[in-house]
Amino acid sequence: MNSYLLKRVMVLFPVLIGMTIIVFSIIHAIPGDPAETILGQKATEQSKQALREQLGLDKPWLQQYFNYMGDLVQGDLGTSIRTKTPIAKEIMPYLAATLELTAASMLFATIVGVNAGILSAWRQNSWFDYTAMIIALIGVSMPIFWLGLMEQMLFALKLHWLPSIGRMDQRNPVESITNLYVIDTILAGDWRQLWTVIKHLILPSIALGTIPMAIIARMTRSSMLEVMNSDYIRTAKAKGLSQFLVVYKHALKNALIPVLTVVGLQTGALLGGAVLTETIFAWPGVGRYIFEAISSRDYPVIQTGILIIAFIFVFINLLVDLLYAVIDPRINYK
Amino acid sequence: MKKWSSLALAVTLGAVLTLSGCGGNNNNAGTEATAATNAAATTAPDSSPETSANTQDTLILGRGGDSASLDPAIVTDGESLKIAHQVFDSLLEYKPGTSEVQASLADSWEVSPDGLTYTFKLHPGVKFHDGTDFNAEAVVFNFTRWSDPASEFKFEGDSFDYYDSMFGPDGSRVIKEVKAVDATTVEFTLNQPQAPFLQNIAMTSFGIASPAAIQEKKENFKNEPVGTGPFVFTEWKHNDSITLDKNSNYWKEGLPKLNKVIVRSIPDNSARFNALQNGEIDLMEDLSPDDLSTLEGNTELQKIERPPFNVAYLGFNFKKKPFDNVKVRQALNYAVNKQAIIDAFFSGQATAAVNPMPPSLWGYNDAVKDYEYDLDKAKALLAEAGYPDGLPDTVTLYAMPVSRPYMPDGKKVAEAIQADWETIGVKTVIESPEWATYLDDTKAGEKDDIYMLGWTGDNGDPDNFLYTLLDKDAIPGNNRTFYVNEELHTILINAQKETDQAKRSDLYKQAQEIIKADAPWIPLVHTTPLLAAKANLKGFVPGPTGTEYYSEIYFE
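Residue numbers (my numbering), protein chains in the order written: chain A, 246 to 579; chain B, 7 to 562.
Simulated from the structure, these hints should not be mistaken for laboratory data.
Check each hint, because a few of them may be wrong.
Below are the DMTMM-like pairs computed for lysine to aspartate or glutamate, each with C-alpha atoms no more than 25 Å apart in a straight line [stated by the list, open to error]:
#1 A/LYS329 - B/GLU225
#2 B/LYS252 - A/ASP321
#3 A/LYS329 - B/GLU222
#4 B/LYS224 - A/GLU471
#5 A/LYS329 - B/GLU440
#6 A/LYS304 - B/ASP524
#7 B/LYS540 - B/GLU85
#8 B/LYS266 - A/ASP566
#9 B/LYS224 - A/ASP321
#10 B/LYS224 - A/ASP476
#11 A/LYS329 - B/ASP83
Not everything, but these chain B residues come out facing chain A in the computed CB check (under 7 Å) [claimed, not checked]:
#12 ASN275
#13 PRO328
#14 ASN331
#15 VAL332
#16 GLY552
None of these values were measured; they are calculated from a predicted model.
Think of the CB as a built atom: it goes at the ideal place given N, C-alpha and C, for glycine as much as any other residue.
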């Protein structure tokens, strides 16, 4: 187990370095003079030159890259051109907001998706199976933008059950320490605020979690069906174990491996792909942070933002790989 | 051992999953209980605080984007200036709802006959939010900070772009010296007369900041601004909200009326309108014309119209043939049905544009006649220009990929125009690259033949439309048509130096006639941007430039 872990972690370094090279190259391949684009029409030649120097654009490519890496290693993520604030300082609240939303969405997607998949496999070709799979099909093809607005119309405007935007009630704001409001309110022991925070999470989580939920449901179903037909399940059934035990204890454990992969990949995809949800629900997350940086050509933010998301993605994959080893001990031997 | 741990994992997972599976039923019951607590929770804040039982004193405003920075001197974007407008006062200000200049931190001012010396008498006894005194020295400190390229208070990445653009870049500054005569008298000496000087001084960008706060906070000042304005900056959650509290020592009697203002960033227009209807915000900017009918059907809401102070237009690229030919440009002017576009895409919230500046601005030339919609005339003119069968090549028409107050949906408008032009034999292909590329391309003028763009006035001066957008000095830059007319240039430069407003007005009227005849543009519309608010919100006076004081707002 330990050597597996070590090997798996060692592989990370070349991957991460490769990523910095790719991101760096892509940003530098964008045509046009960044200083010109960033500063716009009102800027003087002087301030453009100053910006080029600040961004190091007057130096050769390779040197720019090494300077950038040097800064990164020292924890300097660059300075946003638009807000003129160090990125390391301003990115944390965005990251926290996105992590909270992603976690809630994946919780929703996994719980609903896995259970729907299990039940569909268990009662294969039943009405439940058909309904669930039709819903899953609709879910995969649902435009997030539309779904989000429809949710707002129904649950906020018509029924008044849930708030339509933001992370908290602005008239009664949450004290933030970690910027993960669920955790902050629990730490403060403020259950009423915890409930408002959760209410704010519900609609965006469903909007963001619907596609992964549908994918997970379909993956769980097919994976379960395969396992349910295997010999050891027939043996378990023959031993007279209850249906429930067979499904949830014996079958699920082996069926979970491909599901876990999907959960991992989807989590990574959500991290970066939350822009639409964050826009509709005015969620101040990292997707919008990068999106706004792109519209104002805030190169340092685009670069660092993409890199951070890529890093998290890689770490989630590492986590998934490690979980495989826990669930299926055979993976150790390879 | 391994076996046990994996079994434990499977069991826990199973348990969690089953629990949640059963949760399906609980959920409904849960939500109903919630709805009840929810209702209790939402009504509670309205009734419980001791401030007053039924009047609200917190305003929550929803807008499309966040501020870039809260120091007005280093930004040029409207979203940043909106907040700065509440925190800072300038020496002069615009009368609410207009672009007329009136006294603010300066009670009165005198101009020397040669137009080179301006003496301002400052309002006595004003304090900054940090408790320090506002005085002539503070004014000098601010202007020196903006004009001195070596200022130690020009922090990394800062550039005072509006100062450079309004008062000339380093090397050709308009302001020669700013001197404190005594504590409440400050004297500006100019290198040359500048007609819009007072208009410029009134801009939010030249709000007076606390020197003590800048010295103490240094580069952090842009995140924690300190001025003399009606509201005190409290908290900024980036891309989420900015909180401002009442300045209880505000020097203007009885203001502000609100206790707190929270400005939220809600990028999507529909979501913002949903939030307003759901009571999560009290006032919203930029209502889509499509939502107007819903708004008018809701008695709990009101419509607020911002005075039109913008222009949307199509510009011809003079670098491309045959758009350097005035007959072709005039022909295409005749072939745009502005009224149909207004009816179809602006819900009537716009007027057809004749000149490159809005009619509400002084110096507007009423006598200029528009090219009326007449396809026969258009065809005849094209024939005169040597194209009896229409233009031989397909025209690249750049349509805006983003929504702006002066143009909510550029692509649809472009399609309507495309259809009209097709009938006179002008084939177009519409392109809408991403916004930054769009601006780059049109500025370079290599790819587009005709482009769509617009402008909202920064200050209440015609110079800010005509010279900024159509003078040869604005190439490369805001003049993306590459239109050069020396006669027009002379008139616009003379108008900048003239201090008599009646004479300036005449010059601008002449300029509009020249522009109409040369037809470098097809002026499309002046829009009336829409805002929406709760019906009981009062005292909000929408400003033409897009910024307004929240200090007069109150709830009934």
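Consistency of the hints with the structure:
Only pairs whose Cα atoms come within 25 Å are accepted, and A/LYS329 paired with B/GLU225 is accepted, the gap being roughly 9 Å. About 37 Å separates the Cα atoms of B/LYS252 and A/ASP321, which puts this hinted pair outside 25 Å; it is violated. Simply put, A/LYS329 and B/GLU222 have alpha-carbon atoms about 18 Å apart, close enough for the 25 Å limit, and the pair holds. Taking the CA atoms of B/LYS224 and A/GLU471, the gap is near 65 Å; set against the 25 Å cutoff, the hint is violated.
Distance hint between A/LYS329 and B/GLU440 is fulfilled; the C-alpha atoms sit about 24 Å from each other, no more than 25 Å. Restraint check for A/LYS304 and B/ASP524: not satisfied, since their Cα atoms lie roughly 45 Å apart, outside the 25 Å limit. Distance check on the hinted pair: B/LYS540 and B/GLU85 sit about 22 Å apart at the alpha-carbon level, within 25 Å; holds. A threshold of 25 Å between alpha carbons decides the hint, and for B/LYS266 with A/ASP566 the separation of about 51 Å lies outside it, so the pair is violated.
Between the alpha carbons of B/LYS224 and A/ASP321 the distance comes to roughly 20 Å, so the proposed pair stays at or under 25 Å and holds. Our distance criterion of 25 Å between C-alpha atoms is broken by B/LYS224 and A/ASP476, whose separation comes to about 72 Å. Taking the CA atoms of A/LYS329 and B/ASP83, the gap is near 14 Å; set against the 25 Å cutoff, the hint holds. With its C-beta approaching chain A no nearer than about 11 Å, B/ASN275 sits outside the 7 Å limit, and its interface hint is violated.
Given the 7 Å rule on beta carbons, the hint for B/PRO328 is violated: about 28 Å separates it from the nearest Cβ of chain A. Below 7 Å, beta-carbon pairs count as interface contacts, and B/ASN331 has none with chain A, the closest being about 28 Å; its hint is therefore violated. Below 7 Å, beta-carbon pairs count as interface contacts, and B/VAL332 has none with chain A, the closest being about 26 Å; its hint is therefore violated. Annotation: interface hint on B/GLY552 violated; nearest CB of chain A at approximately 16 Å, more than 7 Å.
In terms of the numbered hints stated before, the structure departs from hints 2, 4, 6, 8, 10, 12, 13, 14, 15 and 16, listed from lowest to highest.
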